[in-house]
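Peer 1: So you can see what is in the structure, the chains are spelled out below.
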Amino acid sequence: MELFERTEVVNALLARYGVKFGIYKNNTFHEQLFPFDAIPRVIDAHEFAYLERGLKQRVDALNLFLLDIYNKKHILRDKVIPEEFIYASSGYLAQCEGVTPPGSVYSHISGIDLVLGKDGEWYILEDNLRVPSGASYPMIARELCRRSSPRTFQAVSVADNRSYADLLKQVLDHVNTGGLTVVFTPGRYNAAYFEHSYLAEKMRVPLVTGSDLEVENDHLYFKDYSGRKEQVGAVYRRISDDFLDPMTFRPESLIGVPHIFDVYRKGNVALVNAPGNGVADDKGIYYFVPKMIEYYLKQEPILHNAPTYLPYYEKDMRYVLEHFDSLVLKDVAEAGGYGVVFGNSMSASQKEDFIRLLKSEPRRFIAQEVIDFCDLPILEKGEKVERKADLRAFVLSGAETVVWKSGLTRFSRNPDSFIVNSSQGGGFKDTWVLNQ
Amino acid sequence: MGVKSIENMDRLYWLGRYSERVYTTLKLYGQKFDSMIEEGAGGYDEFCRSLDIPNHYVSAEDFRRKYPFSPDDPNSIYSNLIRAYDNAIELREEIGSDTLAYIQMAVYELNKAAASQAPMIEFQAILDDILAFWGIVDDMIEDEFTRNIIKVGKRVERIDLYGRLRVDRVSMTREVRRLTGRIQRTGLRYRLQVIDNLNEMVSQPQLDYPAIVREIESILL
Chain A
1 MELFERTEVV NALLARYGVK FGIYKNNTFH EQLFPFDAIP RVIDAHEFAY LERGLKQRVD
61 ALNLFLLDIY NKKHILRDKV IPEEFIYASS GYLAQCEGVT PPGSVYSHIS GIDLVLGKDG
121 EWYILEDNLR VPSGASYPMI ARELCRRSSP RTFQAVSVAD NRSYADLLKQ VLDHVNTGGL
181 TVVFTPGRYN AAYFEHSYLA EKMRVPLVTG SDLEVENDHL YFKDYSGRKE QVGAVYRRIS
241 DDFLDPMTFR PESLIGVPHI FDVYRKGNVA LVNAPGNGVA DDKGIYYFVP KMIEYYLKQE
301 PILHNAPTYL PYYEKDMRYV LEHFDSLVLK DVAEAGGYGV VFGNSMSASQ KEDFIRLLKS
361 EPRRFIAQEV IDFCDLPILE KGEKVERKAD LRAFVLSGAE TVVWKSGLTR FSRNPDSFIV
421 NSSQGGGFKD TWVLNQ
Chain P
437 MGVKSIENMD RLYWLGRYSE RVYTTLKLYG QKFDSMIEEG AGGYDEFCRS LDIPNHYVSA
497 EDFRRKYPFS PDDPNSIYSN LIRAYDNAIE LREEIGSDTL AYIQMAVYEL NKAAASQAPM
557 IEFQAILDDI LAFWGIVDDM IEDEFTRNII KVGKRVERID LYGRLRVDRV SMTREVRRLT
617 GRIQRTGLRY RLQVIDNLNE MVSQPQLDYP AIVREIESIL L
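These protein sequence lines are chains A and P, in that order.
For the first sequence, counting from 1, position 13 maps to 13 in our numbering; every step adds exactly one.
Going from the second sequence to our numbering is simple: count from 1 and add 436.
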């Protein structure tokens, strides 16, 4: 296909537009290009309709869970989830108790990571409900691929993914309490700064840092150059909960906005995504998501988790110890491909140390069967080779829940690795959802 | 876009200044590089003096390599281009990805030139990128304030450099006139007296270059 021959052209255009991500190596910040592979992941309309139903169901249940957990806690009262999984989670924020965000939406943008198993089943690997990133990469890649090979898109009817910024803006408008919508970035030394600035550009809204915002009389304002203040009604914040407000969370945060959480608590601004969502995308809570779907929606889960064990439960601990070498173990507090170890890759002493740690802190880890997921072809020096790849689907929740007809397909460039994260050297592909 | 932060006003202004600084010093360096082909060592001390930058180069070759390419030399063309980039990268939503791309490409071209045996050929691409950047600022940026702030930065830098390089009266007068017409349409807080003084200075029979430099450097409040 003509497009594949133009991979280098598309990568040159991505470089031209500064499509990068940031990474810290030895405490020094580096900007790196995100290698793009022009062979897309293709999902036909029928398969996507199935994924769409499953993803909407999952995100709706997660939103109901967050509403419940910070308010009436029915799911704990009914003992569907043990209390300690909530209160021991680093993502649980006591400050969010009794606070209902505008529109009762907590996870406005959900990044759900899936893989396609060799058995033909899609498996959910992870829910990202805090500040999931990655939508901007396939957005701009599509634009550049269409420019590089228009004939490809004449020949294949692919759902246009370039409306992501419009979908996002609709979500932000839906929850806006009155005033400006802004994208709030920690600054250019954040790993996803390209995305922050690109989405602000495409939504035509200001990109702001903490020093541009100010709280006065229980409202949030943007200060312009002349000293004029304009009220802000929705903040698409790309800064983690910890650093959002030094008066409520980490007092040493210099990048947050003092008292912004008070404004939010009083319903005078929408924070997108809502603070406190970390309790629902904790790797330990992941185990319970199918139960949430049954509990809140009275439905069978459409999409399945990878088979997961909680060493917290004695029965699961026994299984994990017996099948240690065939499992992948994940530290629930880590993200970005860190804190992931494969049982069969450890030396005898490493294994011994790990098991000791597992027994002393069983709540800290989950264990999963290693899903033998499908490889996807990538181009390497002009030749097609197979590599592991996942899919991050983006689900947007505003007036309704919608699944973006695309997604970020990440792949490992290392033939022996299952880890696809950009921070670990992975690349990305566009995700085509066919119209038929 | 209706609202603009103080930080972004500042970044736009300095983006204009640094893009101009790179453009003019690159052209000057090109002339100097050419003359040094025959002259060999020496000659660069005068270049440093005229730009008021410290001459810490130990040889002509040292100057040839470090002045355009050194990331460790705060006065190098590279450092000035990175400062332009550092401002531009934080202005994507304000100036647009298409505009930002020309500064990004200039950075790539300068890195490429550093590895070349004939950097002057590669420099043409950087000059083209900066010219295209100024063109696209006019063509693509809808917000008049945004355009004007970048252009005022560019004019201020040019008057500053022209003052240091003792450029002819016609060129200096043209830049002062352009600045006079533009600066009031930016929202920048500036000293009106400086504009009056500059206009007065370019009408004098002898141009007092050091005084022009002092004036232009004090223009913003």
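Source of the hints: derived by calculation from the structure; they are not laboratory data.
No residue lacks a Cβ here, since even glycine has one placed at the ideal position from N, Cα and C.
Hints are supplied without guarantee of correctness; some may be wrong.
As the list claims (entries may be wrong) - With beta-carbon atoms standing in for the labels, derived distance ranges:
1) A:SER90 x P:CYS484: 34 to 42 Å
2) P:LEU567 x A:SER90: 50 to 58 Å
3) P:GLU578 x A:CYS374: 55 to 63 Å
4) A:PHE29 x P:SER654: 49 to 57 Å
5) A:GLY22 x P:ARG614: 36 to 44 Å
6) P:THR616 x A:LYS229: 54 to 62 Å
7) P:PRO510 x A:GLY22: 18 to 26 Å
Stated by the list, open to error - Examples of chain P residues toward chain A, derived with CB under 7 Å:
8) MET445
9) MET541
10) VAL543
11) GLN560
Peer 1: Against this structure, judge whether each hint is valid.
Peer 2: Hint check results:
1. The hinted window of 34 to 42 Å between SER90 of chain A and CYS484 of chain P is violated, with their beta carbons roughly 56 Å apart.
2. LEU567 of chain P and SER90 of chain A have their C-beta atoms about 52 Å apart, which keeps the hinted 50 to 58 Å range intact.
3. Hint check: GLU578 of chain P to CYS374 of chain A, Cβ distance near 45 Å, so the stated range 55 to 63 Å is violated.
4. A hinted range of 49 to 57 Å is violated for the C-beta pair PHE29 of chain A and SER654 of chain P, which are about 34 Å apart.
5. At roughly 38 Å, the beta carbons of GLY22 of chain A and ARG614 of chain P sit within the given window of 36 to 44 Å.
6. Between THR616 of chain P and LYS229 of chain A the C-beta distance comes to about 32 Å, which lies outside the given range of 54 to 62 Å.
7. The hinted range of 18 to 26 Å is satisfied by PRO510 of chain P and GLY22 of chain A, whose Cβ atoms lie roughly 23 Å apart.
8. For the restraint placing MET445 of chain P at the interface with chain A, the shortest Cβ-Cβ distance is roughly 5 Å, inside the 7 Å limit, so the hint holds.
9. Given the 7 Å rule on beta carbons, the hint for MET541 of chain P holds: about 6 Å separates it from the nearest Cβ of chain A.
10. Interface hint status for VAL543 of chain P: violated, as the beta-carbon distance to the closest one in chain A is roughly 9 Å, over 7 Å.
11. With a least beta-carbon distance of about 18 Å to chain A, the hint placing GLN560 of chain P at the interface is violated under the 7 Å criterion.
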